[in-house]
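Colleague: With chain A's structure known, arrange chain B with the ligands on it following the hints.
Those sequence lines, one after another, are chains A and B.
FYI, in our numbering the residues of the first sequence are 989 to 1345.
FYI, in our numbering the residues of the second sequence are 989 to 1345.
No lab work stands behind these hints: they were computed from the structure.
Hints should not be assumed to be uniformly reliable.
Note that the list lumps identical chains together, so a pair holds whenever it fits in one copy or between two copies.
As the list claims (entries may be wrong) - In the SDA-like style, the derived pairs of lysine to any residue whose C-alpha atoms are separated by at most 25 angstroms in a straight line are:
1. Lys1112 - Pro1005
2. Lys1202 - Asn1087
3. Lys1201 - Thr1026
4. Lys1215 - Leu1239
5. Lys1200 - Cys1091
6. Lys1267 - Asn999
7. Lys1002 - Asp1045
Protein chains: 2
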Amino acid sequence: MIGQIKIEKTNSPKTKPDQSNLGFGNYFTDHMFIMDYTEGKGWHDPRIVPYAPLEMDPATMVLHYGQAIFEGLKAYRAKDGRILLFRPHKNMERVNISNDRLCIPPIDVDFCIEALKELINIEKDWIPTEDGTSLYIRPFIISTDPFLGVRPSKTYKYIVILSPVGAYYPEGINPVKIYVESNYVRAVKGGIGYAKTPGNYASSLKAQMEAKKKGYTQVLWLDGVEKKYIEEVGTMNVFFKINGEVITPALEGSILAGITRDSTMELLKSWGVKVTERKITIQEIYDAHANGTLDEAFGTGTAAVISPIGELNWNDNKITINEGKIGELSSKIYTTITNIQNGDLEDTLGWTTEVKA
Amino acid sequence: MIGQIKIEKTNSPKTKPDQSNLGFGNYFTDHMFIMDYTEGKGWHDPRIVPYAPLEMDPATMVLHYGQAIFEGLKAYRAKDGRILLFRPHKNMERVNISNDRLCIPPIDVDFCIEALKELINIEKDWIPTEDGTSLYIRPFIISTDPFLGVRPSKTYKYIVILSPVGAYYPEGINPVKIYVESNYVRAVKGGIGYAKTPGNYASSLKAQMEAKKKGYTQVLWLDGVEKKYIEEVGTMNVFFKINGEVITPALEGSILAGITRDSTMELLKSWGVKVTERKITIQEIYDAHANGTLDEAFGTGTAAVISPIGELNWNDNKITINEGKIGELSSKIYTTITNIQNGDLEDTLGWTTEVKA
Ligand SMILES: Cc1ncc(COP(=O)(O)O)c(C=O)c1O
Ligand SMILES: Cc1ncc(COP(=O)(O)O)c(C=O)c1O
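Here chain A stands alone, though its shape is the one from the complex (with noise of 0.2 angstroms):
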């Protein structure tokens, strides 16, 4: 038993943030909520406390050696008042993933997600109406031992902490432009690139800097081995229409297994439109654009939902998509998720939580 959440709240509330201007991850809300993990006591003193500053020891070990796992998914405001959570088991189910890769202790799914409803229901204030904005959520882990060496830590801290959010990209639902990645490797088979954990992010900032001086909003990385199949893009799972069949990667152990990847592969078939997970090249998209059957290309994630892909860039072959506008079925994806998120959509699928006060 984790036992009782403790609440201790701030005496020192924050000013709220214009609304229309959010941006993504500037702004964090006036509570966090916190658990520690102690070798033969499991997870526990589980307490909402003010945001503040953690005290870190110069030698915590996430500092040196990365053990760490994290996680995002977003809280809603629907017309009604009621507050939605999208899918929030799969975010958890995927920290116990993540966790399984770097040698951290699992944790109660059913637990945190109780403990998430009480944070967000102390800051409900902080959820943002606006068209467009969210409250995201960050819960995280991150190894507290004191030591310098290679070896999983005894102790752990599990944080969440909430931010009001705009859109992830600047260019929002409209079409980006992405460079394909032939230099640099994100992850490989047998690697750590299905674990949500700091060390993919920091392997991929190079790459992304290079091609932002490009021009470029993203990279699309290829497979580690062949630098041939297509894996996903910066911080989203990506999707191809080609002759009316979507196709996105197969979860070969070096993509994440996105929640939104996953809620688009349900809503296509349940549209009857065919969604295939497969090995694909590189080759095979360019082809595809050559004969006249790339239709769309996407990517999902959970901070944009869906991002319309208008150009790609492979070895300076640069190819236009759609002639660089929103597809027809991008829109839709994009417009019934996000409804579905926000309440203004009757959910028959069973996806969002409501979090009661």
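Modeller: Same frame as chain A, but now just chain B with the ligands:
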């Protein structure tokens, strides 16, 4: 100009630990060095302050995206009282190699060596003197923007902490048993394998723990593409003596360019021993063992210096190397390097730098 190093001494010095039972990475000295980086301003405010917890916003980027690097080197107290550093320029130059890969702004190598000397001077009573002990030095850089979203940070901290240490492996210079890893992958070309960054160590934990359960001290990594070529061992580079020739994997982007590796090669060359850097398969090692030409195998790294390999297990095929005993050459390299490090042997190669009062 980075400016003058400000010094603030502690009022409550700690009791120094028992030198005969230090272990590795458990104790930290009274002071640390810190400097900050701010975009547009560069590295600034270098200071030596009491060792104390860092205050970190829960959204601090390093905790989420792992943009960080570190180093490891040692200071020794010679019998004549001199304080010696072993090839510190190499470590500080490697900081900049790691920084470049992780999109962290470069440091001024010479300034950081001067700062390190100043810190060590203040902590000189912490340098242990017993055989096999030293003062382990851990410079590290963490990204410090309180921001969620994948991009390089605009602020950083460079920190140096010091830890009096004994042997890294409980085995000391005794041969270790190594498990050849055919399932998990540490790094591939195009990734971050050649950088000293947290993600590489986080990704290694699971294989290490599984090997440990089977009774092995560490894993020997194979390449991530063909699972055929030898890479490195845990926190060590690896050498094999076959038929009188010493062979070590070439640096091709997936392994760390170890300073002990470089020193070992230089020493061997100065002794007229043939040393070759090239791709080498695990099959070749097993073949050499089968035909009786595998004389010795050993790891090299700052923490353990030289660690002889007594046994390898590759897909349950076990081989014992040199009857599980320390090889003649391994032993000679160990003695020579450690005696140069601790001042017992004349440093004809110009490897040591004295820390003058
Ligand atoms: C590497 C990576 N791939 C894909 C995704 C999309 O996953 P999800 O749809 O669960 O947000 C994310 C973001 O979470 C990610 O970080
Ligand atoms: C992954 C890895 N390989 C090799 C080494 C050996 O490098 P060095 O001899 O510079 O300590 C280390 C340790 O520093 C390491 O972490």
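Colleague: If a hint holds in the structure, say so; if it doesn't, say that too.
Modeller: Checked hints:
1. Lys1112 - Pro1005: within (14 angstroms within a copy, 50 angstroms between copies)
2. Lys1202 - Asn1087: between (36 angstroms within a copy, 21 angstroms between copies)
3. Lys1201 - Thr1026: Between copies only: 21 angstroms across chains, 45 angstroms inside a chain, cut-off 25 angstroms.
4. Lys1215 - Leu1239: For lysine 1215 and leucine 1239, the Cα distance is within 25 angstroms both inside one copy (17 angstroms) and across copies (21 angstroms).
5. Lys1200 - Cys1091: Result: close only across copies, 13 angstroms inter versus 34 angstroms intra.
6. Lys1267 - Asn999: neither (54 angstroms within a copy, 63 angstroms between copies)
7. Lys1002 - Asp1045: The answer is between: 15 angstroms across copies meets 25 angstroms, while 28 angstroms in one copy does not.
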